[in-house]
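S.K.: Anchor point for the sequence shown: position 98 equals 99 in the numbering used here, and the numbering is continuous, going up by one each time.
Derived from the structure by calculation, the hints contain no laboratory data.
Given the structure is predicted, the values throughout are model-derived calculations rather than measurements.
Don't take every hint at face value.
Unchecked claim - The calculated DSS-like cross-link candidates involving lysine-lysine, where the alpha carbons are at most 30 angstroms apart (straight line), are:
| no. | residue 1 | residue 2 |
| --- | --- | --- |
| 1 | K147 | K397 |
| 2 | K147 | K9 |
| 3 | K235 | K8 |
| 4 | K9 | K220 |
| 5 | K8 | K149 |
| 6 | K271 | K397 |
| 7 | K307 | K147 |
| 8 | K220 | K271 |
| 9 | K220 | K236 |
| 10 | K147 | K8 |
| 11 | K426 | K235 |
| 12 | K147 | K271 |
| 13 | K236 | K307 |
| 14 | K149 | K271 |
| 15 | K397 | K307 |
| 16 | K220 | K426 |
| 17 | K426 | K307 |
| 18 | K426 | K8 |
| 19 | K236 | K426 |
| 20 | K149 | K236 |
| 21 | K426 | K149 |
| 22 | K307 | K149 |
| 23 | K235 | K147 |
| 24 | K149 | K9 |
| 25 | K8 | K271 |
| 26 | K220 | K235 |
| 27 | K9 | K426 |
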Amino acid sequence: MELYGLKKDAWLQVLSAYAGWLMDGYTTIAYALVAVTISTVFFPGTAGIYGLIATFGGLAVEEIARPAGSLFLGNFIGDRTGRKNMLTITIVGFSIFAASKGLLPTYSQAGIIAPVLLYMMLFIEGLFAGAEYGGGTALSMESIPKEKRSPVGAFVQSGYGTGFFIVSFVFAALAGYYGNAYFGIIGWRVLFYTTIIPGILTLIIRYITRETAIFQDMKENGGILKEPAIGMFKKGGRPLIFALMLTGGLLFVNSITFSFYPGLLAMLNKGIPDATVGYYNGYINLFSLFGVWIGGITALIFVGRKRAMLIYTIIFIAITYPTAYFAFHGGAYIDLVAFSIQAFFEAMIFSTLPAFLAETFSKTFRATGVGFAYNGGAILGGFAISIILYTSTLTKSLFIAWTAWFFVAEAIMVVGLLLSAETFKRGGRDMIED
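Start from the sequences, fold in the hints, and give me the full structure.
M.R.: Next up, the structure:
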């Protein structure tokens, strides 16, 4: 039995990657959704916006760990023993430490140890999470014919958005059940506990998933490198730099939108119920899911991965100022519309990223290269919200700070795209087999 021309084993590999990114979206946005709440739990002595800066700084701590995790786990497991083996290990560690944040003591209970433990937990979580993108991309894209990688890759990429969508409504339900007061005591802990559920489901899928034929062939024919990371830096130098520019700009934008939407909604609409913030974020992310799916299908018309991303990026740049202006000068409903439009077109840019990165790096260091290119670019994104908040104290305007940094990140992204080589042309060789 086949679906979209793909057999059961190929779909299990695709679903295995999709489920891992669902887990990533769920856990990352869970933290973003409770950031305002836990800023007073872990940083009670830090006044106003600086407490938020310290809390969102936790995302930076996690992002710093991600490229280290992708490099270490990709080098020693993903490109040596197999994509499936690495992803099975990573999801176990990812799930345990994501859920364990709910067990942490508060500042009133443990003093400075509380935020230190929070940062430590996020760092370890980031080590395991960092290997997800590279391993998942290699596992899924190596099993897909090149003509179908854009839409299938878009589906895999949408796993992150699906996790965002689900956790938004889980958050809304918990906030409504506990109320704002009790949510600040126990609700945020329960939200972190729920991260174990997508982790267990992902582990089950990966248990029954097979290794890719490309990796099996390398293993049988002695094509596995002793040090994939060294091979990546030697053979993939310039493409790696350009990919890091692309992902650096794109993930900076992603942080100041999707990870910041919950905080922005609360900051721009004083007194808005937490449950409403959750529902709004769910609706916004629903639009982003349509964006990534449509982007993957539309990319078949544009043919090239790079060309498609460049076209989507130009459209996104064109709407940057209008959507930001209306978001900051309207009420909650206007914010919902503006952020939804923004999310839709941003998600289109992500649609061809899995195929593009998988085809950019050699099969001998693909899990390491893709993971490092993606997560290395995410480091800047981890600091993005804190940068925006700090810049707003200098400009005395969150609107100016937010909008200006959009254009800076977009410029970096465009330069990285323009310098990168196209990875797919009809009738050309399949670069994923190289």
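S.K.: For each hint, tell me whether it holds in the structure or not.
M.R.: Hint check results:
1. K147 - K397: 49 angstroms, violated
2. K147 - K9: Answer holds: K147 to K9 is near 18 angstroms, not above 30 angstroms.
3. K235 - K8: 36 angstroms, violated
4. K9 - K220: Roughly 23 angstroms separates the two Cα atoms, so the pair holds.
5. K8 - K149: Roughly 13 angstroms separates the two Cα atoms, so the pair holds.
6. K271 - K397: 18 angstroms, holds
7. K307 - K147: 14 angstroms, holds
8. K220 - K271: 58 angstroms, violated
9. K220 - K236: It holds: about 20 angstroms lies between the C-alpha atoms, which stays within 30 angstroms.
10. K147 - K8: 15 angstroms, holds
11. K426 - K235: 26 angstroms, holds
12. K147 - K271: 49 angstroms, violated
13. K236 - K307: 21 angstroms, holds
14. K149 - K271: 46 angstroms, violated
15. K397 - K307: Violated. K397 to K307 sits at ~38 angstroms, over the 30 angstroms cutoff.
16. K220 - K426: 29 angstroms, holds
17. K426 - K307: Judged against 30 angstroms, a Cα distance of about 11 angstroms means the pair holds.
18. K426 - K8: 25 angstroms, holds
19. K236 - K426: Status holds; Cα separation ~22 angstroms.
20. K149 - K236: 27 angstroms, holds
21. K426 - K149: 13 angstroms, holds
22. K307 - K149: Holds. K307 to K149 sits at ~16 angstroms (cutoff 30 angstroms).
23. K235 - K147: 26 angstroms, holds
24. K149 - K9: 16 angstroms, holds
25. K8 - K271: Violated, because 51 angstroms separates the two Cα atoms, which is more than 30 angstroms.
26. K220 - K235: 22 angstroms, holds
27. K9 - K426: Holds, because 27 angstroms separates the two Cα atoms, which is no more than 30 angstroms.
Checked against the numbered hints given earlier, the structure breaks hints 1, 3, 8, 12, 14, 15 and 25 and satisfies all the rest.
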